[in-house]
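Just so you know, the protein sequences line up as chains Y and G, in that order. Residues 81 to 506 in the working numbering are what the first sequence spells out, letter by letter. Residues 81 to 506 in the working numbering are what the second sequence spells out, letter by letter.
Calculated directly from the structure, the hints in this document are not laboratory data. One thing to keep in mind: the hints can contain errors.
For chains that are exact copies, the list does not tell them apart, and a pair is met inside one copy or across any two.
[Stated by the list, open to error] Lysine-lysine pairs mimicking DSS-like chemistry, simulated, CA-CA at most 27 Å apart:
#1 K199 x K366
#2 K281 x K151
#3 K270 x K102
#4 K270 x K408
#5 K366 x K430
#6 K151 x K279
#7 K159 x K270
2 protein chains.
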Amino acid sequence: MAQARSRVVIIGAGFGGLSTAKALAGATVDVLLIDQRNHHLFQPLLYQVATASLSPADIAAPVRSLLSDQKNVSVILGKVTGIDSAARTVAVDNGVHAENIHYDYLVVATGARHAYFGKDHWESFAPGLKTIEDATAIRHRLLMAFELAEMATDTVERDRMLTMVIIGGGPTGVEMAGSIAELARAALAKDFRHIDPRKAKVLLVEAGPRLLASFPEDLSAAAVRSLQRLGVEVRLNARVNDCDAGGVVIGDQRVRAGTIIWAAGVQASPAAAWLNVEADRAGRVKVAPDYSVPGYDNVFVIGDTATLTDTRGAVVPGVGPAAKQAGKYVARVISARLRGEASPPPFTYKNYGNLATIGRRAAVVDFGWIKLRGPLAWWLWGFAHIFFLIDFRNRVVVAFTWLWSFLTYKRGARLITGPPPPNAKA
Amino acid sequence: MAQARSRVVIIGAGFGGLSTAKALAGATVDVLLIDQRNHHLFQPLLYQVATASLSPADIAAPVRSLLSDQKNVSVILGKVTGIDSAARTVAVDNGVHAENIHYDYLVVATGARHAYFGKDHWESFAPGLKTIEDATAIRHRLLMAFELAEMATDTVERDRMLTMVIIGGGPTGVEMAGSIAELARAALAKDFRHIDPRKAKVLLVEAGPRLLASFPEDLSAAAVRSLQRLGVEVRLNARVNDCDAGGVVIGDQRVRAGTIIWAAGVQASPAAAWLNVEADRAGRVKVAPDYSVPGYDNVFVIGDTATLTDTRGAVVPGVGPAAKQAGKYVARVISARLRGEASPPPFTYKNYGNLATIGRRAAVVDFGWIKLRGPLAWWLWGFAHIFFLIDFRNRVVVAFTWLWSFLTYKRGARLITGPPPPNAKA
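Next comes chain Y alone, as it looks inside the complex (with noise of 0.2 Å):
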């Protein structure tokens, strides 16, 4: 008889992928969630483990520790080469053996990765930040640079060193430079004895005329004063031209550094070529009002995957939230079908705000109806934060690290491990 029951295949385990799977608990469906990384992460504090204020364990929980007491949601670790959407299978790699996994119902949340605009030889100088070694990479090359400035017999080596390019002045980017200021000013101020870490340069680079493009105005500009006053230097309307070991070309001026971080755009994954459908420029596949792709009704495309002007007109941003709540307008849609009831009606995104920190003390907080900034919106942020962990453990680890950091100004994750990245030697 449990043969019979229909099965909602899940690619991916972010925010998405996640929610559905959670809002079919009581549907009566066999879902199968598969993803080929062990852990689901909370990508807003990514940046933290790259900064080393975070340790990794701290913002990612098992999946399957998550999902253990749904008992309809099966877990599978492994790749998907493709989709044959003809024969209703998914092809699922573990690295040992190979699978075709058979659905009713096939949701596709496999998020993005960054892009650099044609030029993927940019990567390995100015890598992005999408996964947990993606960050301790980061963390790796960031820390060494102090190290190789502290070691450097020339001072323009030296100052080379000390140079730290952000590329993108999203919300990644304005986090990333704000907390890369303060590791160098507060944390690492006392620990050198050749080189002063105050005086290491933060560049931040954005192609547009203002940072935070999807905030107000205002807050971007509140934004720009609290990256300056933590000795960030924002330079707008500034577009990268090139990248090698040595640095960067910013316009037509060469900028040597020693760190060089990408956070100016995303690539949605290969979910447009698996199904064979339209994409747009980012590669997000162009759903239906109820997220399905056009000419399949049984094939769902969530999250960073997917593009969607919603009933009100609204772009659907490619935030978390938005991908939670499309999660579970999905697993809503799919219970109706399997109940033989109407459909909901089109998906709407409620936006309950938009929030992005500098440093210590420095937030901004869009929530449509009111604009923060300054100490109360980071303190909302903080505790906005905290809240949407994904359990409890890692809720209160965090808290505490946060509090410690807070009062001694000090790192915990200050380590440097794994292979050392390509460009330490320019």
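Please build the complex by placing chain G on the supplied structure of chain Y, with the hints as guidance.
Only chain G this time, still in chain Y's reference frame:
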């Protein structure tokens, strides 16, 4: 004037080197501490990182940060490639440039690596546990074995993946075996759908006649009973004759295993070769009663890199407390020489106790005057380790993490990260 001060170069920021540096705080001398890693590692808890209980940053702290207030110490991140005892220089390479550093006094505290008794090719199949990368690589293998068992299509492969062999019945092997058994029986128990992790087979193999050879016999017997209660199969007088990607050969019996962990032997770092002096079979330098190297009264070797029979006729053991005591002692010897005073009396090791833990609520403790086992020993073990952890933040985070694990049976650091291990595919 500062140029005229003597310089003490310390190689290694483990228990021995760090305690030497700290004990020289009051001395009128420039101290230079060299390590190839940026962090001091609390090695006694490294097995808990390998078994997904703790995060790397919980048991490590940046060396610079630990010594930032001690103005007479500089820290150098780099790999020592040789010592020229005639010229009194240490060759250091940080990957970008190399340097020869002059010393007036030299303290070598470079520890030990695991050793394979001439079977170096076993290392890729049976990794040992000395660094953070070792620990996260073992964690990867261990967690991945359960994933591969869950996905396995034939029962032989499934059983292989659910078999873990730990080679070596010293404290590391015993603690690792207990922790793996509990991982399988408690933390993972409910998280899989096709396998029952509680049926995982954990095998602890010891070539000698008993576990924990450095403890009294009745505590060794207690350790066997505690492990058996956790479901560990203990094999004494059992020799491992081969290791490969598919398993091990114990005596003449082939055991198919998905995870093999090496805890059987160590080899001192190459200090003896650098100094061109006599070493024992494990590569440890035979030092004089004041830890100086025969023939070089300004060169000292301490910790796991040295072997010494103290004034009471006891061989100083290769444990953290002994290395710390040696570090403090050598700092006193050097301080006395700098002041032109008489040397302190020869070194005597003070054994404050010997502890090992076996899963939840069981441990063995040998204080010499009293022996303990069971729950009381376990609590003592926990408090002692929290107390000796290196800084305040780590103590609080580890204490909370242990409490949380104790109450929930969960493991907070269950992350599969980094490159796949070489023997995932047998």
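Hint check:
Taking CA atoms no more than 27 Å apart as the test, K199 paired with K366 passes inside one copy only; the shortest distance there is 25 Å, against 57 Å between copies. In the homo-oligomer, the alpha carbons of K281 and K151 lie at most 27 Å apart only across protomers (26 Å), although the nearest pairing inside one protomer, at 53 Å, exceeds that limit. Only between protomers do K270 and K102 lie at most 27 Å apart by alpha-carbon distance; the minimum there is 17 Å, versus 47 Å within a single protomer. When the C-alpha separation of K270 and K408 is checked against a cutoff of 27 Å, the pair qualifies only between copies, where the shortest distance is 25 Å, while the shortest distance within a copy is 49 Å.
With identical chains, the CA atoms of K366 and K430 are at most 27 Å apart within one copy only, with a shortest distance of 20 Å there and 72 Å across copies. For the homomeric pair K151 and K279, the shortest alpha-carbon distance between copies (20 Å) is at most 27 Å, but the shortest distance inside one copy (55 Å) is not. Taking CA atoms no more than 27 Å apart as the test, K159 paired with K270 passes between copies only; the shortest distance there is 23 Å, against 45 Å inside one copy.
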